[in-house]
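Please take these sequences and the hints and turn them into a complete structure.
Residue numbering for the sequence shown follows full-length UniProt numbering, beginning at 1 and increasing consecutively.
Derived from the structure by calculation, the hints contain no laboratory data. Be a bit skeptical, because a hint or two may be false.
[Stated by the list, open to error] Quick list of the computed label-pair ranges, beta carbon to beta carbon:
| hint | residue 1 | residue 2 | range |
| --- | --- | --- | --- |
| 1 | A114 | F168 | 19 to 27 Å |
| 2 | D142 | S162 | 18 to 26 Å |
| 3 | T150 | S27 | 34 to 42 Å |
| 4 | A146 | L54 | 14 to 22 Å |
Glycine is no exception: its CB is placed at the ideal position from the N, C-alpha and C atoms.
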Amino acid sequence: MLELRNLLVNPRPSESGPAMWLASGVSMRVEADTLRLESDGGSDNAFAWRQDTLPAGEYVFAAFLEGSSTGGLVSYDQRALAVTTQETGWRLNGWVEYATLMTRYACMFHLEQAGNVNLRLYAHSAEGCAVRWRDMLLCTLDDWLALRETSFDYFDGSRTTSNAKVVFNPAYITS
1 MLELRNLLVN PRPSESGPAM WLASGVSMRV EADTLRLESD GGSDNAFAWR QDTLPAGEYV
61 FAAFLEGSST GGLVSYDQRA LAVTTQETGW RLNGWVEYAT LMTRYACMFH LEQAGNVNLR
121 LYAHSAEGCA VRWRDMLLCT LDDWLALRET SFDYFDGSRT TSNAKVVFNP AYITS
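Next comes the structure, spelled out in structure tokens:
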């Protein structure tokens, strides 16, 4: 039997409690298990983020970009999602660039030692433009690869999803 773990305390979006997402340059609200981010126009680097603590290892952070009020995502450096780590002085440790909507984005990152990580979901940078993220996943690289072999790309304990498009970026690793 295959046993996989989503390391997020609660992979469904939350505005309170241990699974809380925080806003930077966006207004944020939970709508039907999605995280809706609307840019306030005050920053071209607008995103929602949360902090988690992980042991040393290789990981994958992934989320599904469901929709946009503008038909696309124009964010800081065209990032869809990213990971910064305490180990790198909060510089990027992994990220993936935007390609299209209705797509799961996933990036790999590496920790030499246990520490804090910030997971970021980017929003459109223009004021009033909104995007919706869902199905957040944080897992080991081994679990991600095993999950992909099953043709699934997400699980949360009560359901799985299998989306046709996955943009995976393993290239941005610091070692």
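I want to verify a distance hint. Is the separation of the beta carbons of T150 and S27 within 34 to 42 Å?
For T150 and S27 the Cβ distance comes to about 36 Å; the hint holds.
Honestly, do A114 and F168 meet the 19 to 27 Å range at C-beta?
Roughly 25 Å apart at Cβ, these two residues keep to the hinted range, so it holds.
The hint says 14 to 22 Å between A146 and L54; measuring C-beta to C-beta, is that right?
holds (18 Å)
Do D142 and S162 keep their Cβ atoms within the hinted range of 18 to 26 Å?
Given range 18 to 26 Å: holds, Cβ gap about 20 Å.
Consistency note: the structure conflicts with none of the earlier hints.
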